[in-house]
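Single-letter residue listing:
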Amino acid sequence: MSTTEPRSDKRPVTDWETDWDHTDPAWVANPYPIWESLRSACPVAHTERFGGAWLPVTHDAIHAISYDTEHFTSRSVVVSELRPGDNDLPAPIGIAPPITSDPPFHADARRLLLPAFGPKVIAGYESFTRDLCRELLDAVADRDIVDAAVDYAQDIPLRVIVKMLGFPQSDAEVFRRFIHMILEAVDVPAEERMNEREGGELDAYLDARIAEHLAEPRDDLTSFLLQAELGGEKLHPDHVRGTMVLLLVAGIDTTWSAIGASLLHLATHADDRRRLVDDPSLLDTAVEEFLRVYAPVTMARMVAHDFEFEGCPFKAGDWVLLPFPAANRDPAMFPEADKVLIDRAENRHAAFGLGIHRCLGSNLARMELRIAIEEWLARYPDFELDDPSRVTFSAGQVRGPRRIPVRVR
Amino acid sequence: MRITVDSERCQGHNRCYAIAPELFDVDDLGYATATGDGAVPDDLADKARLAVANCPEHAIAIVEEA
Ligand code: HEM
Ligand code: SF4
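Chains A and B supply the protein sequences, listed in that same order.
The first sequence begins at 181 in the numbering used here and counts up by one.
The second sequence begins at 20 in the numbering used here and counts up by one.
Next up, chain A with everything else stripped away, as it sits in the complex (with noise of 0.2 Å):
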């Protein structure tokens, strides 16, 4: 998933119902105004651009999209340039199985890691992760501006994945660099990542851990993914390791995103920020609050086949973007959907997705960031947004806030 840049060699858009492009500088600004003027003109855009793709914003499309896992396939769930070809990404395994998968045989790969997954096994991290929230706390403690997305959010996920894989702590910066060569190479065709991490560094370390694990059986992500089965034969290294890459690229940016989201907005919105130190026990609606009006994750889906949909034809290989943000902000499914209500308690939003792909590290992710709010309203009760003009944001289809200077004192 991506944090790239803006591409400024691209064309504008000016039209966004047949021009699209989520890479363009306005929507990553701000996509919001861009999707509800589309919700009402033309509830699927189509584009040229990244060789012919579609756009659905309205929640009911996206929620049927979703589902159908006979006219869409998620051999590739990132637009790009580049199309695959059909031996790249072999359907209906993919690439990064089970994110790339398609049924029957995503269910297999799924049913894989649920397990190590679930509530329970997550709320066995709380208490590491409160502690680790605490310690980034510590490490700024005499600064008066903090970047609550440097300093804090990108390191909690980061450093919990580590944790669950059983990889020393001190390895979390070697970490750091491997996820930001990965996630920097988002705009890289496909072929030419996989060439650079081939023999690359993230695979040696990764295989050492392995062999490790391999020798010395733990308690651990990466030994429980060791013993794990599939048709009947456990995995191969190579699997191990691809899994692990995989777990990296979706669980960090994005809950990094969610996290820094909703401390950009209590640094931002005093009454929300009050509320919430006055009475914790709106976190819980809070949290779902925030993961609606701020969701950070958009995927894509290729169609399997021509047809037609809504009226628009589509045919075999376009793209379609599939914007869980912008199903979180369809007035037809939420009133008041552009504001955020911290007590909203009817709250069915698509921020993990919706359907068999459902996002695998839910649970882990809401954890970290109720966790994540906690630890820092106990210690900053009261801070603000230091300089609106220094938060920039990544563009790409993972959306979140990459530097947010907050005054604390």
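Because the hints were derived from the structure by calculation, they are not lab data.
Certain hints may be false.
Unchecked claim - SDA-like, lysine to any residue: derived pairs with alpha carbons at most 25 Å apart: (1) B/66 with A/455; (2) B/66 with A/429; (3) B/66 with A/550; (4) B/66 with A/464; (5) A/519 with B/55; (6) A/414 with B/47; (7) B/66 with A/535; (8) B/66 with A/462; (9) B/66 with A/414; (10) B/66 with A/459; (11) A/300 with B/46; (12) A/495 with A/210; (13) A/519 with B/41; (14) A/300 with B/47; (15) B/66 with A/465; (16) A/300 with B/72; (17) A/495 with B/45; (18) A/300 with B/57; (19) A/300 with B/84; (20) B/66 with A/538; (21) A/343 with B/46; (22) A/414 with B/48; (23) A/300 with B/83; (24) A/300 with B/55; (25) B/66 with A/384; (26) A/300 with B/23; (27) B/66 with A/513; (28) B/66 with A/301; (29) A/519 with B/71; (30) B/66 with A/527; (31) A/300 with B/41; (32) B/66 with A/355; (33) B/66 with A/299; (34) A/300 with A/429; (35) A/190 with B/54; (36) A/414 with B/77; (37) B/66 with A/463; (38) A/414 with A/384; (39) A/519 with B/75.
For clarity, every value in this text was computed on a predicted model and none was experimentally measured.
With chain A held as given, fit chain B with the ligands onto it using these hints.
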């Protein structure tokens, strides 16, 4: 009042379990089931309705018994 979880629809979002752990349990894979026979004590009726209203997959139903 009784609740039921449609296991075909449930995708394990665990919104129900977070809202009303008294009424829902999750299996090892994270999919939800109603606890016991699904009977909802009167004082948990509101929580049961909230769980229904927050399940993104529309997997939970309330059966009102006469
Ligand atoms: C707030 C943070 C997160 C958000 C908003 C998010 C969002 C999503 C979404 C929308 C999907 C659906 C993909 C689709 O329909 O194609 C998904 C799938 C997935 N996510 Fe997350 N995610 C988050 C955190 C995590 C974490 C922490 C992990 C693991 C460490 C994770 C691992 C996965 C995996 C493995 C899948 C694929 C599941 C499948 O295809 O069956 N995610 N995520
Ligand atoms: S909220 Fe719905 S989908 Fe999620 S676990 Fe409960 S019943 Fe299943």
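Item to complete: Just pull the numbers of the violated hints for me, sorted ascending.
Response: The structure breaks hints 2, 5, 9, 12, 13, 17, 19, 23, 25, 32, 35 and 36; every other hint is satisfied.
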